[in-house]
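Q: One-letter residues, chain by chain:
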Amino acid sequence: MIEGGVWKLGRDIDTDLIIAGRYCNISDPAELAKYVLEDLDPNFVKTFKPGDVIVADNNFGCGSSREVAPLTLKAAGVAAVVAPTFARIFYRNCINIGLPIFEILDVAKDFEKGQRISIDPGTGKVTNITTGVTFQAAPFPAFMQKIMDAGGLVAYAGEQLGGT
Amino acid sequence: MAMTMTEKILAAHAGLSEVHPGQIINAKVDLVLANELSAIVAIEEFSKIKGAKNVFDPHKIVIIPDHFTPNKDIQSAKVAKKVREFALEHNTLYYEVGRMGIEHVLLPEQGLVRPGQLVIGGDSHTCTYGALGMVATGVGSTDIAVAWALGEVWLKVPPTIRIEFKGKKKPWVSGKDMILYMIGRLGVDGAIYSAIEFCGEGIAELSIAERLTMANMVIEAGAKNGVFAVDAKTEAYVKAATNQPYTVYTSDPDAEYAQTIVYDMDDIEPQVAFPHLPSNTKPISQVGDVTINQVVIGSCTNGRIEDLRIAAGLLKGKKIHPRVRCIIIPGTQKVYLDAMKEGLLETFIQAECVVSTPTCGPCVGGHMGILADGERCVSTTNRNFVGRMGHVTSEIYLASPAVAAATALRGKLADPGQL
Ligand code: SF4
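Line order of the protein sequences matches chains A and B. Counting from 2, one number per residue, gives the positions in the first sequence under the working numbering. Counting from 11, one number per residue, gives the positions in the second sequence under the working numbering.
Hints should not be assumed to be uniformly reliable.
Take a look, some chain B residues computed to stay more than 10 Å from chain A by CB distance [stated by the list, open to error]: (1) 38; (2) 47; (3) 133; (4) 172; (5) 352.
Calculated Cβ distances over 10 Å to all of chain A for the following chain B residues [claimed, not checked]: (6) 62; (7) 132; (8) 195.
Under the rule of at most 20 Å between Cα atoms (straight-line distance), these lysine to any residue pairs were calculated in the SDA-like manner [said to hold, decoys possible]: (9) 114/A <-> 135/A; (10) 178/B <-> 326/B; (11) 326/B <-> 284/B; (12) 166/B <-> 157/A; (13) 58/B <-> 29/A; (14) 47/A <-> 428/B; (15) 176/B <-> 121/B; (16) 422/B <-> 352/B; (17) 166/B <-> 163/A; (18) 88/B <-> 105/B; (19) 147/A <-> 278/B; (20) 60/B <-> 85/A; (21) 58/B <-> 141/A; (22) 147/A <-> 166/B; (23) 110/A <-> 126/A; (24) 75/A <-> 110/A; (25) 58/B <-> 157/A; (26) 176/B <-> 120/B; (27) 82/B <-> 151/A; (28) 344/B <-> 178/B; (29) 38/B <-> 162/A; (30) 60/B <-> 104/A; (31) 91/B <-> 57/B; (32) 176/B <-> 88/B; (33) 166/B <-> 6/A; (34) 166/B <-> 35/A; (35) 147/A <-> 215/B; (36) 63/B <-> 24/A; (37) 35/A <-> 58/B; (38) 92/B <-> 35/A; (39) 58/B <-> 151/A; (40) 38/B <-> 160/A.
Hints are computed from structural coordinates only; laboratory data are not their basis. In this text the structure is predicted, and so the values were computed from the model without any measurement. Each residue gets a CB set at the ideal place from its N, CA and C atoms; glycine is no exception.
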């Protein structure tokens, strides 16, 4: 069960905003986490609490393929991202690295910053604890669920190669 | 079952007789591209895959350090060093500084991407190669690591949106203006998860360079890939680049499209995308008075010789505006050399532009032209997100090489037809 404070972001949050290109020659996620969402809100990193959840509007993670974007969010302690739609490369990167994401149509308008949210990753049930309203996330296709169950794509590929 | 080009190419690489949108497939890849930024993360992931010692096929893996090279600082040099060592150890295709160019200009030029292929790259603009009648799409570093090991990638078959450009180009309109126009109408997520198939008279008349520019920016509408039918121009381009074989796929006449959209070329004039989204477009006649500090002509979108020819044509015998810095970046060493032989470099230098070695440089906010607070740049690149090219309060206006060159002369957004 995921439970935390809500961070509300708008639509089309691009990967340059999540982690700016000027930091992309850094590969240590903990170091990158110091600059997460810096160009959107320089105070984000100071006030965000590990375990909090981002609720955003359409097309979260658009732009570059940089996998450091979800890696940075994960390293900063973002427990999950909930949005109506995700940009496709960001979406697959999250599946592959194990950052929990949940697609829920029309979710953005029902959440405000500072509310509390709970998510059951098993069932995809999302609750706005503050208002009591519940939502159902779209289920993952079976193949993606298999990757996540294996612990990410790297572990899944290891199984394919018969590695132990 | 009738299928689109994208569906046929995906089916062939998944070993299936047919596929349908929404289906998840495991497909064999013909080429796996990485730049130094995606490779550095992929190398780490590759080392974690149990049982993976060697890459699946070193001839199908290409690594190109182009983003922060020639290295801009110690940190970038360390990244490039690790990536170089991996490439050498596994004997992959690798283009060192001096041979490298911006990846999406280099691969078509080198004949490494060809009709009918399935190519993935650790870079969102991998979609560029769809211009040559293939399926090419960007993925993340973990996908790259796994494709290095297995030679396969999991993909969801996208629905296809068919976009027809009816009629012929007006003067000074280029492929860049057509794709900006399209993104302005579709929005940055208008084609999310989808393939875009381009067709119509407006597309047939385009050069391969312009088709590469258009395919390059389909990701800016959220698309997975963009695809163009193979015609005589495609075949001539590919045959000049390589003698390797290729396969031509065509969409069935009764294939199913998620949507068909028709744009009339008569409605399209040169376009400018205002800050801070590529969809924030205006026709050049309506841009108003926007003074500019810097102009960048280059990148995987518009760093080809055809682009430099257009810019040089406008700049020849003139000086750029005294308050403007104009940075020209040929996409590859070959483009650089051709520009030299054709006298374009001299034109640029006489016009008081600066000419850089091939690099992504300012496009990714790395180096070679970073913007200070409040500065404005007209750029032939593909993204004008907040802070993309420097300070968070700087502004990027996306345009064609012609509009960029006209703007460099005038010091403010300018219509090349009105010089
Ligand atoms: S030129 Fe810009 S968009 Fe193209 S690959 Fe380089 S950084 Fe990416």
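Q: None of the hints should be skipped; say for each whether it holds.
A: Now the hints, each set against the structure:
1. Listed as outside the interface, residue 38/B is consistent with that label: its C-beta sits roughly 13 Å from the nearest C-beta of chain A, beyond the 10 Å cut-off.
2. Here residue 47/B does not stay apart from chain A, with its beta-carbon only about 5 Å from theirs, under the 10 Å limit.
3. Some Cβ of chain A comes within 10 Å of the Cβ of residue 133/B; the nearest lies about 6 Å off, and the non-interface call is violated.
4. Listed as a non-interface residue, residue 172/B keeps its Cβ farther than 10 Å from every Cβ of chain A; the least gap is roughly 19 Å.
5. At roughly 32 Å from the closest C-beta of chain A, the C-beta of residue 352/B stays outside 10 Å, upholding its exclusion from the interface.
6. With a least beta-carbon separation of about 6 Å from chain A, residue 62/B fails to lie farther than 10 Å from that chain, contradicting its non-interface assignment.
7. A cut-off of 10 Å between C-beta atoms contradicts the statement that residue 132/B is not in contact with chain A; the least separation is 6 Å.
8. With a minimum CB-CB distance of about 16 Å to chain A, residue 195/B clears the 10 Å threshold, and the non-interface call stands.
9. At roughly 17 Å between alpha-carbon atoms, residue 114/A and residue 135/A fall within 20 Å of each other, so this suggested pair holds.
10. Our distance criterion of 20 Å between C-alpha atoms is broken by residue 178/B and residue 326/B, whose separation comes to about 27 Å.
11. At most 20 Å may separate the alpha-carbon atoms for a hinted pair to count; residue 326/B and residue 284/B exceed this at roughly 27 Å.
12. The suggested pairing of residue 166/B with residue 157/A holds, with an alpha-carbon distance near 17 Å, which does not exceed 20 Å.
13. Only pairs whose Cα atoms come within 20 Å are accepted, and residue 58/B paired with residue 29/A is accepted, the gap being roughly 16 Å.
14. With a CA separation close to 50 Å, the supplied pair residue 47/A and residue 428/B exceeds the 20 Å bound.
15. Between residue 176/B and residue 121/B the CA atoms are separated by roughly 30 Å; this puts the pair beyond 20 Å, and the hint is violated.
16. A hinted pair counts as satisfied when its Cα atoms are at most 20 Å apart, and residue 422/B with residue 352/B does not qualify at roughly 28 Å.
17. Between the alpha carbons of residue 166/B and residue 163/A the distance comes to roughly 25 Å, so the proposed pair goes past 20 Å and is violated.
18. Note on residue 88/B and residue 105/B: the hinted pairing holds, with a Cα-Cα distance of about 17 Å set against a maximum of 20 Å.
19. The suggested pairing of residue 147/A with residue 278/B is violated, with an alpha-carbon distance near 47 Å, which exceeds 20 Å.
20. Only pairs whose Cα atoms come within 20 Å are accepted, and residue 60/B paired with residue 85/A is rejected, the gap being roughly 35 Å.
21. Our distance criterion of 20 Å between C-alpha atoms is broken by residue 58/B and residue 141/A, whose separation comes to about 25 Å.
22. Our distance criterion of 20 Å between C-alpha atoms is met by residue 147/A and residue 166/B, whose separation comes to about 15 Å.
23. With a CA separation close to 17 Å, the supplied pair residue 110/A and residue 126/A stays within the 20 Å bound.
24. About 24 Å separates the Cα atoms of residue 75/A and residue 110/A, which puts this hinted pair outside 20 Å; it is violated.
25. Distance hint between residue 58/B and residue 157/A is fulfilled; the C-alpha atoms sit about 11 Å from each other, no more than 20 Å.
26. Taking the CA atoms of residue 176/B and residue 120/B, the gap is about 32 Å. The hint is violated against a cut of 20 Å.
27. Our distance criterion of 20 Å between C-alpha atoms is broken by residue 82/B and residue 151/A, whose separation comes to about 39 Å.
28. For the hint linking residue 344/B to residue 178/B, the alpha-carbon distance of about 31 Å lies beyond 20 Å, and the restraint is violated.
29. A threshold of 20 Å between alpha carbons decides the hint, and for residue 38/B with residue 162/A the separation of about 15 Å falls inside it, so the pair holds.
30. Simply put, residue 60/B and residue 104/A have alpha-carbon atoms about 31 Å apart, too far for the 20 Å limit, and the pair is violated.
31. With a C-alpha separation of about 17 Å, the suggested pair residue 91/B and residue 57/B falls inside the 20 Å cut-off, and the hint holds.
32. This hinted pair does not check out: residue 176/B and residue 88/B have alpha carbons roughly 50 Å apart, beyond 20 Å.
33. The hinted pair formed by residue 166/B and residue 6/A fails the criterion: a straight-line CA distance of about 33 Å is larger than 20 Å.
34. Of the supplied pair hints, the one linking residue 166/B and residue 35/A is violated, its CA atoms being roughly 34 Å apart against a limit of 20 Å.
35. Note on residue 147/A and residue 215/B: the hinted pairing is violated, with a Cα-Cα distance of about 46 Å set against a maximum of 20 Å.
36. Taking the CA atoms of residue 63/B and residue 24/A, the gap is about 30 Å. The hint is violated against a cut of 20 Å.
37. This hinted pair does not check out: residue 35/A and residue 58/B have alpha carbons roughly 25 Å apart, beyond 20 Å.
38. Between residue 92/B and residue 35/A the alpha-carbon distance is near 24 Å, which puts this suggested pair outside the 20 Å criterion.
39. A hinted pair counts as satisfied when its Cα atoms are at most 20 Å apart, and residue 58/B with residue 151/A qualifies at roughly 14 Å.
40. Annotation: proposed proximity of residue 38/B to residue 160/A holds, straight-line Cα distance about 18 Å (limit 20 Å).
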